[in-house]
Amino acid sequence: NVDKNKLVEYFRAQIREDPDVASAVAAIRSLLEFLKRDQSETILGLRENQTKAIQRLEETDSSVAVSSGGELFLRFISLTSLEHPDLSQCKNVMIERGELFLKKISLSRGKVGKLCHTFIKDGAKILTHSSSRVVLKVLENAAADNKRFTVYVTESQPDSAGKLMAQKLHNLNIPVTVVLDAAVGYIMEKVDLVIVGAEGVVESGGVINKIGTYQMAVCSKAHNKPFYVVAESFKFVRLYPLNQQDVPDRFKYKADILKTVKDLNQEHPMIDYTPPSLITLLFTDLGVLTPSAVSDELIKLYL
Amino acid sequence: MADSVGRQVDSINHATGKINRLKLFKRKELTKEEKQRLRKEKKQHKKNKKDDRGPPEKEKEKEKASVPAPSKPATQSPAHKAAPVPVNASASESPVAAEKPAKSKAELRAERRARQDSERASKQGKKEGGQQSTSSKPKATPNELQPVVKRLPDHVQVDDPVALKKLAKKLERQQVRQINIVMLCLLSDCCPLTDDGFIQVFSEITLHIPVTVIHPSIVRLGLQYSQGIIAGSNARSVALLHAFKQVIQDYSTPPNEELSRDLVNKLSPYISFLSQCRPLSASMGNAIKYIKKEISNIPSQCKEEEAKRILQECIDSYINEKIILASEAISKYAIEKISDGDVILVYGCSSLVNHILCEAFEKQRKFRVIVVDSRPRLEGREALRRLVKKGIRCTYVLISALSYILPEVSKVFLGAHALLANGYVMSRVGTSQIALVAKAYNVPVLVCCETYKFCERVQTDSFVSNELDDPDDLIVTRNGKTHLENWQTVKSLGLLNLVYDVTPPDFVDLVITDLGMIPCTSVPVVLRVKNVDQ
Numbered sequence: 001n002v003d004k005n006k007l008v009e010y011f012r013a014q015i016r017e018d019p020d021v022a023s024a025v026a027a028i029r030s031l032l033e034f035l036k037r038d039q040s041e042t043i044l045g046l047r048e049n050q051t052k053a054i055q056r057l058e059e060t061d062s063s064v065a066v067s068s069g070g071e072l073f074l075r076f077i078s079l080t081s082l083e084h085p086d087l088s089q090c091k092n093v094m095i096e097r098g099e100l101f102l103k104k105i106s107l108s109r110g111k112v113g114k115l116c117h118t119f120i121k122d123g124a125k126i127l128t129h130s131s132s133r134v135v136l137k138v139l140e141n142a143a144a145d146n147k148r149f150t151v152y153v154t155e156s157q158p159d160s161a162g163k164l165m166a167q168k169l170h171n172l173n174i175p176v177t178v179v180l181d182a183a184v185g186y187i188m189e190k191v192d193l194v195i196v197g198a199e200g201v202v203e204s205g206g207v208i209n210k211i212g213t214y215q216m217a218v219c220s221k222a223h224n225k226p227f228y229v230v231a232e233s234f235k236f237v238r239l240y241p242l243n244q245q246d247v248p249d250r251f252k253y254k255a256d257i258l259k260t261v262k263d264l265n266q267e268h269p270m271i272d273y274t275p276p277s278l279i280t281l282l283f284t285d286l287g288v289l290t291p292s293a294v295s296d297e298l299i300k301l302y303l
Numbered sequence: 001m002a003d004s005v006g007r008q009v010d011s012i013n014h015a016t017g018k019i020n021r022l023k024l025f026k027r028k029e030l031t032k033e034e035k036q037r038l039r040k041e042k043k044q045h046k047k048n049k050k051d052d053r054g055p056p057e058k059e060k061e062k063e064k065a066s067v068p069a070p071s072k073p074a075t076q077s078p079a080h081k082a083a084p085v086p087v088n089a090s091a092s093e094s095p096v097a098a099e100k101p102a103k104s105k106a107e108l109r110a111e112r113r114a115r116q117d118s119e120r121a122s123k124q125g126k127k128e129g130g131q132q133s134t135s136s137k138p139k140a141t142p143n144e145l146q147p148v149v150k151r152l153p154d155h156v157q158v159d160d161p162v163a164l165k166k167l168a169k170k171l172e173r174q175q176v177r178q179i180n181i182v183m184l185c186l187l188s189d190c191c192p193l194t195d196d197g198f199i200q201v202f203s204e205i206t207l208h209i210p211v212t213v214i215h216p217s218i219v220r221l222g223l224q225y226s227q228g229i230i231a232g233s234n235a236r237s238v239a240l241l242h243a244f245k246q247v248i249q250d251y252s253t254p255p256n257e258e259l260s261r262d263l264v265n266k267l268s269p270y271i272s273f274l275s276q277c278r279p280l281s282a283s284m285g286n287a288i289k290y291i292k293k294e295i296s297n298i299p300s301q302c303k304e305e306e307a308k309r310i311l312q313e314c315i316d317s318y319i320n321e322k323i324i325l326a327s328e329a330i331s332k333y334a335i336e337k338i339s340d341g342d343v344i345l346v347y348g349c350s351s352l353v354n355h356i357l358c359e360a361f362e363k364q365r366k367f368r369v370i371v372v373d374s375r376p377r378l379e380g381r382e383a384l385r386r387l388v389k390k391g392i393r394c395t396y397v398l399i400s401a402l403s404y405i406l407p408e409v410s411k412v413f414l415g416a417h418a419l420l421a422n423g424y425v426m427s428r429v430g431t432s433q434i435a436l437v438a439k440a441y442n443v444p445v446l447v448c449c450e451t452y453k454f455c456e457r458v459q460t461d462s463f464v465s466n467e468l469d470d471p472d473d474l475i476v477t478r479n480g481k482t483h484l485e486n487w488q489t490v491k492s493l494g495l496l497n498l499v500y501d502v503t504p505p506d507f508v509d510l511v512i513t514d515l516g517m518i519p520c521t522s523v524p525v526v527l528r529v530k531n532v533d534q
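Chains P and Y supply the protein sequences, listed in that same order.
For the first sequence, the positions run 1 to 303 when the working numbering is used.
For the second sequence, the positions run 1 to 534 when the working numbering is used.
A portion of the hints provided could be inaccurate.
[Claimed, not checked] List of simulated lysine-lysine pairs, BS3-like, C-alpha gap at most 30 Å:
#  : chain 1 : residue 1 : chain 2 : residue 2
1  : P       : Lys221    : P       : Lys4
2  : P       : Lys300    : Y       : Lys530
3  : P       : Lys262    : Y       : Lys35
4  : Y       : Lys43     : P       : Lys254
5  : P       : Lys121    : P       : Lys36
6  : Y       : Lys165    : Y       : Lys47
7  : Y       : Lys46     : P       : Lys52
8  : Y       : Lys35     : Y       : Lys46
9  : Y       : Lys49     : Y       : Lys245
10 : P       : Lys91     : P       : Lys147
11 : Y       : Lys366    : Y       : Lys293
12 : Y       : Lys390    : Y       : Lys366
13 : Y       : Lys332    : P       : Lys225
14 : P       : Lys104    : P       : Lys259
15 : Y       : Lys42     : Y       : Lys166
16 : Y       : Lys363    : Y       : Lys389
17 : P       : Lys104    : P       : Lys91
18 : P       : Lys221    : P       : Lys259
19 : P       : Lys259    : Y       : Lys366
20 : P       : Lys254    : Y       : Lys49
21 : P       : Lys262    : Y       : Lys363
22 : P       : Lys91     : P       : Lys114
23 : Y       : Lys49     : Y       : Lys32
24 : Y       : Lys363    : P       : Lys259
25 : P       : Lys163    : P       : Lys259
26 : P       : Lys300    : Y       : Lys49
27 : P       : Lys52     : P       : Lys225
28 : Y       : Lys363    : P       : Lys52
29 : Y       : Lys289    : P       : Lys300
30 : Y       : Lys32     : P       : Lys259
31 : P       : Lys91     : P       : Lys121
32 : P       : Lys114    : P       : Lys52
33 : P       : Lys125    : P       : Lys6
34 : Y       : Lys165    : Y       : Lys46
35 : Y       : Lys332    : Y       : Lys389
36 : Y       : Lys43     : Y       : Lys491
37 : P       : Lys221    : Y       : Lys47
38 : Y       : Lys293    : P       : Lys300
These are computed hints drawn from the structure, not numbers from a lab.
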């Protein structure tokens with residue numbers, strides 16, 4: 001248990017030091033560090049400790065990305081021949097794979113940014129939701145490409161993350177306007193395209209994102225505006241929600257609320273599920289995918 | 001479907017075409033009238049879609065008038081459907097010979113046929129005069145027909161005499177004796193056989209070559225299929241595999257032959273026989289492919305006993321893995337999707353869905369079930385019986401009440417007969433209707449299907465290839481009145497009893513397979529992965 005607390009400390013430290021890092025990347029770094037310090041004598045023991053560590057991290061930060069990133073990390077490092085008789089050798093192999101995985105996913109945001117910014121035309125008006133670091137990267141790349149565009153950001157209550165996003169965009173000299181969450185329908189006729197990030201991409205090709213995304217998707221469908229989602233590949237998760245109710249509770253609410261509050265009916269969920277029928281395209285580091293191709297990629301990743 | 005009807009009718013009338021060819025010398029004048037007639041033809045062919053039994057019955061009608069027909073007992077539907085086959089050739093002459101105004105349809109078709117032939121001739125640029133090409137055309141066109149027929153391998157067009165002749169030749173080659181269906185009726189000593197439109201093909205043919213007898217377990221299986229005793233794709237596949245096990249058990253390699261090659265050849269006539277009794281399902285097709293592969297993979301130095309043992313084991317493991325264990329895996333995934341307080345709608349009787357619901361009930365999930373049923377098969381009653389026996393709370397409705405109860409439903413569970421490569425779900429007729437209405441009410445639709453039912457066919461509508469069931473099943477007696485009793489006498493009426501339909505992937509939210517939960521569009525991915533494995 002002492003180890004677990006140290007793990008959580010390490011995780012929190014990572015996020016503090018580098019606020020720009022994705023929470024899943026920070027989690028994976030912590031897991032790798034945990035693996036290096038692990039004293040288990042068997043491979044099974046190593047794996048079990050990793051699984052427990054992932055669970056502990058999920059308790060700290062209940063986002064979908066931590067869960068999916070952790071599982072993918074575990075699969076990646078153990079899906080190799082661990083036939084060496086010496087445990088330390090096996091462990092070294094696993095650590096090497098872990099480093100490789102980490103390097104790959106650190107680059108993924110850049111890849112997504114490069115892919116997506118070409119879809120932003122000169123003079124475009126973009127609508128985005130809440131604060132997403134990937135979307136920020138995309139807009140950064142587009143601005144660097146000398147494209148002129150304006151951005152509308154929703155306030156995204158209850159944590160007003162949208163205002164943070166507006167501030168960051170302002171620093172990049174991109175004209176930005178903050179709109180109310182309720183004004184999405186009003187503003188939709190003015191915009192040309194909608195770009196949002198994702199906390200998790202599910203098997204059906206739908207996405208789980210900050211609450212309010214589903215509304216935006218329905219509105220953009222009604223107005224026939226393209227709805228783009230940008231997400232790194234480690235956010236692909238093996239869930240298959242049929243509707244909003246089907247998303248597990250452990251993702252819907254923040255970690256501390258799950259622990260303290262008894263009646264979840266009184267709480268507001270922090271995320272919602274957008275079905276694949278409302279999404280035009282997904283931009284990932286694996287390429288530009290249609291929602292139906294996500295399942296294909298998932299089968300390749302997980303099976 | 002319209003096209004195929006047109007083609008089959010055209011082939012029946014190709015003999016009449018000869019006679020009507022004389023009208024061809026007015027080819028240029030026909031062009032304007034051609035267009036008018038083309039439009040009329042299109043409308044008629046659209047009607048003919050429903051008129052599926054119309055033409056053969058019509059021929060029989062005329063044949064009754066002109067040629068003494070064999071007496072047909074009213075209930076012996078297979079017998080009187082066997083009649084058109086030998087009589088077809090002569091029947092095709094009678095409409096033209098009669099030259100009645102009632103046969104204007106046939107006349108129009110014959111003229112359209114003549115037009116087509118003339119257009120082909122002019123395109124090929126072989127002959128100049130239409131009259132001169134008449135003799136070569138009837139021969140040319142059956143050949144052109146044959147490639148078309150080949151594209152639909154096992155789904156023979158019902159009344160096409162050219163295809164029938166081809167089929168007869170094929171069976172002759174395979175030394176299968178075609179069994180007269182009347183004989184089978186006497187053997188079965190009970191209700192007339194379920195006629196699914198393909199039994200029409202049977203007629204007595206005396207062969208001059210020694211005939212190999214079909215293995216008795218295969219004969220029994222064929223009878224059970226055609227009578228509907230064994231129904232449902234899982235049950236049929238398992239029965240087939242058990243019968244093949246028996247066949248392999250009783251098989252002995254002839255001298256100077258290799259087991260791996262000879263056994264496969266032995267199985268082919270059995271498979272033809274079975275597909276005559278009832279068209280093979282996709283699951284049966286995949287099972288047969290697997291068996292053939294396993295047989296041909298037997299090493300040649302293997303002793304016969306050893307080889308038989310290996311094959312028996314293969315079949316057992318196939319049944320175990322692909323059917324029994326798969327259903328366990330599917331139930332595990334499906335139970336995650338069933339939450340307390342759910343109202344689940346099921347349609348018809350799917351062994352897999354029933355299994356899932358029984359398992360979920362045992363795992364203490366609180367839910368209730370609405371069973372939707374439809375005529376004429378009324379399979380929902382069997383499902384209802386099984387669920388109520390377990391103690392699950394059930395409601396029973398007919399499919400006409402669907403939009404009434406759907407607002408109450410939280411999930412729809414459907415079984416599948418096959419999953420096609422373009423994501424379409426082929427299942428019992430009525431399934432696509434349920435999926436459509438559920439989509440309109442925003443109720444999630446879950447299809448449960450094992451991976452061995454995935455097939456590489458592509459189909460976008462329910463008409464292009466389907467199985468036909470006995471139209472007499474649609475007749476019902478209520479309050480002492482049987483309205484459709486003499487439907488055959490009414491010329492403009494045809495009864496259509498389809499067995500399957502296809503559901504587009506947009507209406508299906510989730511497919512639960514033994515590999516996990518996938519969207520409907522990922523079926524080709526699974527097929528690809530499976531092919532890589534093999």
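Status of the hints after comparison with the structure:
1. With a C-alpha separation of about 45 Å, the suggested pairing of lysine 221/P with lysine 4/P is violated against the 30 Å cut-off.
2. Taking the CA atoms of lysine 300/P and lysine 530/Y, the gap is near 13 Å; set against the 30 Å cutoff, the hint holds.
3. Straight-line distance between C-alpha atoms of lysine 262/P and lysine 35/Y comes to about 76 Å, which puts the hinted pair past the 30 Å bound.
4. Using a Cα cut-off of 30 Å, the hinted pair lysine 43/Y and lysine 254/P is violated, with the two alpha carbons roughly 63 Å apart.
5. Between lysine 121/P and lysine 36/P the alpha-carbon distance is near 46 Å, which puts this suggested pair outside the 30 Å criterion.
6. Restraint check: the Cα-Cα separation between lysine 165/Y and lysine 47/Y comes to about 28 Å, which is no more than 30 Å; the hinted pair holds.
7. Restraint check for lysine 46/Y and lysine 52/P: the C-alpha separation of about 65 Å exceeds 30 Å, so the hint is violated.
8. A distance of roughly 17 Å separates the Cα atoms of lysine 35/Y and lysine 46/Y; the hinted pair therefore holds under the 30 Å criterion.
9. About 41 Å separates the Cα atoms of lysine 49/Y and lysine 245/Y, which puts this hinted pair outside 30 Å; it is violated.
10. A threshold of 30 Å between alpha carbons decides the hint, and for lysine 91/P with lysine 147/P the separation of about 48 Å lies outside it, so the pair is violated.
11. For the hint linking lysine 366/Y to lysine 293/Y, the alpha-carbon distance of about 45 Å lies beyond 30 Å, and the restraint is violated.
12. Between the alpha carbons of lysine 390/Y and lysine 366/Y the distance comes to roughly 13 Å, so the proposed pair stays at or under 30 Å and holds.
13. Taking the CA atoms of lysine 332/Y and lysine 225/P, the gap is near 40 Å; set against the 30 Å cutoff, the hint is violated.
14. Between lysine 104/P and lysine 259/P, the direct Cα distance comes to roughly 34 Å. Violation of the 30 Å bound is thereby established for this hinted pair.
15. In summary, the hint linking lysine 42/Y to lysine 166/Y is supported, as the alpha carbons are separated by about 29 Å, within the 30 Å threshold.
16. At most 30 Å may separate the alpha-carbon atoms for a hinted pair to count; lysine 363/Y and lysine 389/Y meet this at roughly 16 Å.
17. Pair hint lysine 104/P plus lysine 91/P holds up; C-alpha atoms about 20 Å apart against a cutoff of 30 Å.
18. The suggested pairing of lysine 221/P with lysine 259/P is violated, with an alpha-carbon distance near 37 Å, which exceeds 30 Å.
19. Of the supplied pair hints, the one linking lysine 259/P and lysine 366/Y holds, its CA atoms being roughly 27 Å apart against a limit of 30 Å.
20. Between lysine 254/P and lysine 49/Y the alpha-carbon distance is near 59 Å, which puts this suggested pair outside the 30 Å criterion.
21. Straight-line distance between C-alpha atoms of lysine 262/P and lysine 363/Y comes to about 26 Å, which keeps the hinted pair within the 30 Å bound.
22. For the hint linking lysine 91/P to lysine 114/P, the alpha-carbon distance of about 35 Å lies beyond 30 Å, and the restraint is violated.
23. Taking the CA atoms of lysine 49/Y and lysine 32/Y, the gap is near 26 Å; set against the 30 Å cutoff, the hint holds.
24. Of the pairs offered as hints, the one joining lysine 363/Y and lysine 259/P holds, with about 27 Å between alpha carbons and a cut-off of 30 Å not exceeded.
25. For the hint linking lysine 163/P to lysine 259/P, the alpha-carbon distance of about 28 Å falls within 30 Å, and the restraint holds.
26. For the hint pairing lysine 300/P with lysine 49/Y, the CA-to-CA distance comes to about 44 Å; that exceeds 30 Å, so the pair is violated.
27. Only pairs whose Cα atoms come within 30 Å are accepted, and lysine 52/P paired with lysine 225/P is rejected, the gap being roughly 43 Å.
28. Distance check on the hinted pair: lysine 363/Y and lysine 52/P sit about 27 Å apart at the alpha-carbon level, within 30 Å; holds.
29. Distance restraint check for lysine 289/Y and lysine 300/P: the Cα-Cα separation of roughly 26 Å lies within the 30 Å cut-off, and the hinted pair is therefore satisfied.
30. Between lysine 32/Y and lysine 259/P, the direct Cα distance comes to roughly 82 Å. Violation of the 30 Å bound is thereby established for this hinted pair.
31. Simply put, lysine 91/P and lysine 121/P have alpha-carbon atoms about 48 Å apart, too far for the 30 Å limit, and the pair is violated.
32. Under the criterion of a C-alpha separation no larger than 30 Å, the hint pairing lysine 114/P with lysine 52/P is inconsistent with the structure, at around 36 Å.
33. Our distance criterion of 30 Å between C-alpha atoms is broken by lysine 125/P and lysine 6/P, whose separation comes to about 46 Å.
34. A hinted pair counts as satisfied when its Cα atoms are at most 30 Å apart, and lysine 165/Y with lysine 46/Y qualifies at roughly 27 Å.
35. The straight-line distance between the Cα atoms of lysine 332/Y and lysine 389/Y is roughly 22 Å, inside the 30 Å bound, and the hint therefore holds.
36. Restraint check for lysine 43/Y and lysine 491/Y: the C-alpha separation of about 17 Å stays at or below 30 Å, so the hint holds.
37. Simply put, lysine 221/P and lysine 47/Y have alpha-carbon atoms about 39 Å apart, too far for the 30 Å limit, and the pair is violated.
38. Distance restraint check for lysine 293/Y and lysine 300/P: the Cα-Cα separation of roughly 27 Å lies within the 30 Å cut-off, and the hinted pair is therefore satisfied.
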